[in-house]
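Trainee: Sequence:
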Amino acid sequence: MPKPSHVHVPSQLFSSGFSRIAFAFVTPSTVSVTATLFSLILIAIAGLRLVLSAPTPRYYLNYDNNTKNDHVQQPFQVQVGLRPYYLVDNMDEGPLKQKLQSCSEKTSKVSKFVVGHRGAPLQFPEHTRESYMAAAREGAGAIECDVTFTSDKKLVCRHDQCDLHYTTNILATDLAAKCTRGFTPYDVATGTDATANCCASDITLAEFKTLCGKMDGFNPNASTAEEFMAGTAKFRTDLYSTCGTLLTHVESIHLIDSYGRDFTPEAKHTEVQMPFNGYTQEQYLQDIIDDYKNLGIDPARVWPQSFVPDDVFWWIKNEPEFGKQAVYLDERMETLEGYNMATASLPALAQAGVKIVGPALFALTKLDTDRKIVPSEYAIEARKAGLEILPWSFERSGWLNQGGEYFYQYIAPVIRKDGDMYTVLDVLVNDVGVFKMYSDSPATVVYYANCMGLP
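Just so we're aligned, residue 1 is where the sequence shown starts under full-length UniProt numbering, counting upward by one.
Please keep in mind that the hints were generated in silico from the structure rather than gathered at the bench. Please note that the accuracy of each hint is not assured.
To be verified - 27 Å max Cα-Cα, derived DSSO-like pairs, lysine-lysine:
| # | residue 1 | residue 2 |
| --- | --- | --- |
| 1 | Lys417 | Lys384 |
| 2 | Lys99 | Lys384 |
| 3 | Lys153 | Lys209 |
| 4 | Lys355 | Lys366 |
| 5 | Lys153 | Lys112 |
| 6 | Lys324 | Lys372 |
| 7 | Lys112 | Lys355 |
Unchecked claim - Derived DEER-like restraints, expressed as beta-carbon distance ranges:
| # | residue 1 | residue 2 | range |
| --- | --- | --- | --- |
| 8 | Lys293 | Asn430 | 45 to 51 Å |
| 9 | Ala344 | Gln273 | 46 to 52 Å |
| 10 | Lys109 | Asp431 | 42 to 48 Å |
| 11 | Gln98 | Gln77 | 25 to 31 Å |
| 12 | Thr335 | Asn401 | 38 to 44 Å |
| 13 | Gly403 | Tyr240 | 35 to 41 Å |
| 14 | Thr184 | Ser102 | 54 to 60 Å |
| 15 | Arg301 | Thr190 | 38 to 44 Å |
| 16 | Ser102 | Gly353 | 39 to 45 Å |
| 17 | Gly278 | Pro309 | 40 to 46 Å |
Just so we're clear, the structure is a prediction, and the values are computed from it rather than from any experiment. Just so you know, even glycine gets a beta-carbon here, dropped at the ideal spot from N, CA and C.
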């Protein structure tokens, strides 16, 4: 898209040029009329100058694909699209549905309650410029960059260090030869899935930037690399997956900052031995923070996070201004034993300086004896320990007419259709007390947040 042109009107035109034009018409026979007319002109000019000097709106649409933050700015209007209306219409009748229906014509605003999980990956290739722009347009108050590194130790946005084979077109390029493990087709005789393993750390930053982002997914039954890459989940779409623009961490900061949104950088599990060619885990954690410091980003706008407790503790100790908002992403509750251990450890985490935990959605709710959705033991203990809760991730389960699977596993018996997700969200907000929410389709939660008066 070509960039709109700036139209600049010098202020001198109003302070002198119009005055000269007005005086040119003043003659002895028209003094009284001209004086009145001139006064009206000056009043109009003063009003116009006030309009021209009014503060620029906070949120903007970014047209540039650069890292200099010199983008063209236009007033920004949040648009939630059609999905929230579909979900509300799909709900059971009751007070919550009526409340959400009452907000159908309300002007949408940016909500700090909502975090764009990898951008807006329900429709756009994750961690791409296009996905981040969509998350901003849908009103997410913060947008996530999962941070990993290339072979030349440059920070980039990818969900995993080794996910290029299912989130980019690398297997269709010459760079496939550099993958840790190349494509192996499905073996009919043994029933072994097709595989590949391509890491950001396999290639340089310059090489990384030549790739196209695609929708997350792969086909395990593939006989060719092209078939392997064609694995988009049925509930997502390839409509906008022509060639997503991959981003460095710094580029993501510039882009997200251009919309005035906050940041949730995640330090990823490293899948290479650390130190990596002399690059230590500590330097990696420091580099993430330094990118914000070097760009003058207020630490209050940054929520660094990691699934590794030691990463969070390192930030708390070494970068306290950023560390006080560090999020411990808790994935220990995959088994009942792990769930109980995680729940019991919450007071100790708080004592160690952790202020925010980020569990999966399912860990925060359960069914009581009346099959009513209520806060889980984990949720109750987290609040008792004084911990804030930032769960992940709404709109990642696909269709809910089969119980919602992973993200709704503890309440699956009462999950029957897509509209039920708003019922769950209402419990998470009002009973669990989450302070932010990740979403793969930010508009879904933005609509709820706007309607309920959340920040």
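Trainee: Starting from the hint list further up, note which numbers the structure goes against and sort them upward.
Mentor: Failing hints, ascending: 1, 2, 5, 6, 8, 9, 10, 12, 13, 15 and 17.
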